[in-house]
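Peer 1: These are the residues of each chain, in order.
Protein chains: 2
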Amino acid sequence: MRAAPSQEEVRRHNLGVLLRHVHVLGPTSRAELTTLLGLNRSTIGALTADLTAAGLVTEATPRDTGRAGRPSLVVRPESERVYVLAFSVAADHITAARVGLGGVVLDRREEAVERGSYTPDDAVRLITDFVTDMRAAVPAGARCVGAAAAVNGLVRRDDGRIRLGHNVGWGDEPFGAALTAALEEHPNVVVGNDANLSALAEHTRGAAVGSDHVIYLRGDVGVGAGVIAAGRLLTGFDGYAGEVGHMMVNPDGRPCACGSRGCWETEIGEPALLRAAGRGGRGREAVLALVDAAGRGDGAAQAALRQVGDWLGVGVANLVNVFNPEAVLFGGSLREVYLAAAAQVRSRLNRNGLASGREHLRLRTPQLGDDAPLVGAAELAFSGLLEDPIEVAMALELAAAP
Amino acid sequence: MRAAPSQEEVRRHNLGVLLRHVHVLGPTSRAELTTLLGLNRSTIGALTADLTAAGLVTEATPRDTGRAGRPSLVVRPESERVYVLAFSVAADHITAARVGLGGVVLDRREEAVERGSYTPDDAVRLITDFVTDMRAAVPAGARCVGAAAAVNGLVRRDDGRIRLGHNVGWGDEPFGAALTAALEEHPNVVVGNDANLSALAEHTRGAAVGSDHVIYLRGDVGVGAGVIAAGRLLTGFDGYAGEVGHMMVNPDGRPCACGSRGCWETEIGEPALLRAAGRGGRGREAVLALVDAAGRGDGAAQAALRQVGDWLGVGVANLVNVFNPEAVLFGGSLREVYLAAAAQVRSRLNRNGLASGREHLRLRTPQLGDDAPLVGAAELAFSGLLEDPIEVAMALELAAAP
Numbered sequence: 001m002r003a004a005p006s007q008e009e010v011r012r013h014n015l016g017v018l019l020r021h022v023h024v025l026g027p028t029s030r031a032e033l034t035t036l037l038g039l040n041r042s043t044i045g046a047l048t049a050d051l052t053a054a055g056l057v058t059e060a061t062p063r064d065t066g067r068a069g070r071p072s073l074v075v076r077p078e079s080e081r082v083y084v085l086a087f088s089v090a091a092d093h094i095t096a097a098r099v100g101l102g103g104v105v106l107d108r109r110e111e112a113v114e115r116g117s118y119t120p121d122d123a124v125r126l127i128t129d130f131v132t133d134m135r136a137a138v139p140a141g142a143r144c145v146g147a148a149a150a151v152n153g154l155v156r157r158d159d160g161r162i163r164l165g166h167n168v169g170w171g172d173e174p175f176g177a178a179l180t181a182a183l184e185e186h187p188n189v190v191v192g193n194d195a196n197l198s199a200l201a202e203h204t205r206g207a208a209v210g211s212d213h214v215i216y217l218r219g220d221v222g223v224g225a226g227v228i229a230a231g232r233l234l235t236g237f238d239g240y241a242g243e244v245g246h247m248m249v250n251p252d253g254r255p256c257a258c259g260s261r262g263c264w265e266t267e268i269g270e271p272a273l274l275r276a277a278g279r280g281g282r283g284r285e286a287v288l289a290l291v292d293a294a295g296r297g298d299g300a301a302q303a304a305l306r307q308v309g310d311w312l313g314v315g316v317a318n319l320v321n322v323f324n325p326e327a328v329l330f331g332g333s334l335r336e337v338y339l340a341a342a343a344q345v346r347s348r349l350n351r352n353g354l355a356s357g358r359e360h361l362r363l364r365t366p367q368l369g370d371d372a373p374l375v376g377a378a379e380l381a382f383s384g385l386l387e388d389p390i391e392v393a394m395a396l397e398l399a400a401a402p
Numbered sequence: 001m002r003a004a005p006s007q008e009e010v011r012r013h014n015l016g017v018l019l020r021h022v023h024v025l026g027p028t029s030r031a032e033l034t035t036l037l038g039l040n041r042s043t044i045g046a047l048t049a050d051l052t053a054a055g056l057v058t059e060a061t062p063r064d065t066g067r068a069g070r071p072s073l074v075v076r077p078e079s080e081r082v083y084v085l086a087f088s089v090a091a092d093h094i095t096a097a098r099v100g101l102g103g104v105v106l107d108r109r110e111e112a113v114e115r116g117s118y119t120p121d122d123a124v125r126l127i128t129d130f131v132t133d134m135r136a137a138v139p140a141g142a143r144c145v146g147a148a149a150a151v152n153g154l155v156r157r158d159d160g161r162i163r164l165g166h167n168v169g170w171g172d173e174p175f176g177a178a179l180t181a182a183l184e185e186h187p188n189v190v191v192g193n194d195a196n197l198s199a200l201a202e203h204t205r206g207a208a209v210g211s212d213h214v215i216y217l218r219g220d221v222g223v224g225a226g227v228i229a230a231g232r233l234l235t236g237f238d239g240y241a242g243e244v245g246h247m248m249v250n251p252d253g254r255p256c257a258c259g260s261r262g263c264w265e266t267e268i269g270e271p272a273l274l275r276a277a278g279r280g281g282r283g284r285e286a287v288l289a290l291v292d293a294a295g296r297g298d299g300a301a302q303a304a305l306r307q308v309g310d311w312l313g314v315g316v317a318n319l320v321n322v323f324n325p326e327a328v329l330f331g332g333s334l335r336e337v338y339l340a341a342a343a344q345v346r347s348r349l350n351r352n353g354l355a356s357g358r359e360h361l362r363l364r365t366p367q368l369g370d371d372a373p374l375v376g377a378a379e380l381a382f383s384g385l386l387e388d389p390i391e392v393a394m395a396l397e398l399a400a401a402p
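Chains as they are written, first to last, in the numbering used here: chain A, 1 to 402; chain B, 1 to 402.
Just chain A, same shape as in the assembly (with noise of 0.2 Å):
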């Protein structure tokens, strides 16, 4: 029940609005942002000026349109020169990238790393590493305006703390703060939920833009989600929302890593579909070679797949009941398992899942692939930023920069 903005503020955020929609969309003709803002073109000619002052955005006229008339500026983001630092934790690899606002990738390291055998304090050292190595390429004057990283683990929404990392093999860790430390002089790295920054993404750039009521679905060796409720993330009180592989679907299931019995995650992670294959191995290469021999033919992946997607249909179709979303996306490997099991997921889905939460329901496969937590990262760092531009861009002299 706050009070609304002061005028001020109405512009502030009308700049935050409006370099959204150039981050988001890239390049947009001040037309466009004319009817996207459904403000007046007087306005909108005072808000990219005040953004190109700034140093956030560009303006220049357009090659040839072919129509008559004076043609609309374009608004460019100032991709090379605005940037920020996103990083990725996964189970078996760590990434880092400069993300240039308008969301383009200027620079990117990644390495593979043993599932579970690194430390917190190795992944600060080697993304130390990489963002020294980027360094060289940073053009004078760039600036980076925030630093996020996507971390495989439950992370506490105050201080970036990583409660749970059982995939990543980490306990109570401030990973937030060590790599805030380790990156002196850069800003401050905020942490988020792989799951959490997969959502954000694919909400963002990916398969479910425009939609606002979405569940992504991550799986490896355990399951996460991401969930938008009414257009916005849901995070819980402390921030460890969507932990959906924890739901108990089998009482007479296997223990698990948490603790309990029959969690989602003791049914359809990546353990669970090789044994019920009587397969070995581990990660996404065995699931994949797994889904390769069903489609050959070997009849005890097929069983495996099919019992792994009959699990998955169960899941679904609670989080369906729960939340009426608009579209699930799987991501991880439940993407080769929904691709190979799609008839048993939707079977069991038209059984357990109510027929109203299912009339306008969607399941789809993520389009940024192994890259959303990344994607999501950058999201997440340049969200400062987009919340007050010009406060952001004053702190860090960018109009000053060469």
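Because the hints were derived from the structure by calculation, they are not lab data.
Just so you know, even glycine gets a beta-carbon here, dropped at the ideal spot from N, CA and C.
Some clues are possibly wrong.
[Claimed, not checked] Listed next, the stretches of chain B that the computed footprint assigns to chain A, with coverage defined by at least 3 CB atoms under 8 Å from CB atoms of chain A:
no., region
1, 153-164
2, 233-241
3, 245-256
4, 322-330
[As the list claims (entries may be wrong)] According to the in silico footprint, chain B covers these stretches of chain A (three or more CB under 8 Å from chain B):
no., region
5, 233-242
6, 245-251
7, 309-318
Keeping the supplied structure of chain A fixed, place chain B upon it in accordance with the hints.
Peer 2: Coordinates of chain B only, in the frame set by chain A:
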């Protein structure tokens, strides 16, 4: 990504925020409103003058405050002149109330009905009679600013159509439209799900005031939830979110009325509890009798409560893992089950719920009792007025009324 509002929209928004404060808190001094809204004294004075002129509040000097200096004017909602109609269609009773601005129940009618034996037409007739009956006491010049009904069923968000009301025995019903047509002289009747509206009520005026991540569980024959996430009611894409009673928790469980099997409500609904104790009867009275018997040492009743309490804990743990709420409220007959089996609920929650999500969790009983859906319906009915007070007041010619 809508642009921020114009100055005029800011004023309207501020009027709504101020009126909402007075509506929720009751009579409030200008000094308090200045603090609450973070606006200066002259702005608050202008806003209260506008609301007074519109016939929505009155201002008066308080009685001797015992303090030196001129006392701050007290702003009171015009409860007698500005009211809504709120209805609740529950499994075994139908209620109508006239509720004044400020949440004051000015008049109410209620009738017990036979569970599952009345049609939507019966409900419309009964409610219409109630309204006609209450009309006699409406003072000249008073205005109805909204109407809403809480219904035990799935309610489609965009038109108030009831898709499924298992417990009231309804199929696909255009209940909102029928009620609106029957109550000719009154505003459109908005329809909401009873658990959702109970959550709204407890969040506005009950046990969840100040908590922005709340799950209100409501149980009788079936089980539903209203979820408040980041301060807002979770609706889902069509309005069907919160059907937690149809989470499958027991693959070997009983068939559910929804067509699935092992749904949570088949383990914790009233029939499951009574059956587990080898008892007949139905409804709240039968549950209370069972709890009473357990208190007097009835072994079968005690065992049934332990069993159902355990399943209650299973589902609550699932919801805690999925939503990371600050509070879970147990409403309807789940209130009695929770109070009688809190140890089982806690114990199961500790086993199945992630430790991180339990840290700040409070398990609570609601404060508004069986009136919660009615109170929530009143809040829903007031929402249009609180969104844009002057517009609504002008349309109804409130100020011009005698």
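Peer 1: Does each hint hold? Answer for all of them.
Peer 2: Verification of the supplied hints:
| no. | hint | result |
| --- | --- | --- |
| 1 | 153-164 | holds (count 4) |
| 2 | 233-241 | holds (count 8) |
| 3 | 245-256 | holds (count 7) |
| 4 | 322-330 | holds (count 5) |
| 5 | 233-242 | holds (count 9) |
| 6 | 245-251 | holds (count 6) |
| 7 | 309-318 | holds (count 3) |
In summary, this structure violates none of the numbered hints.
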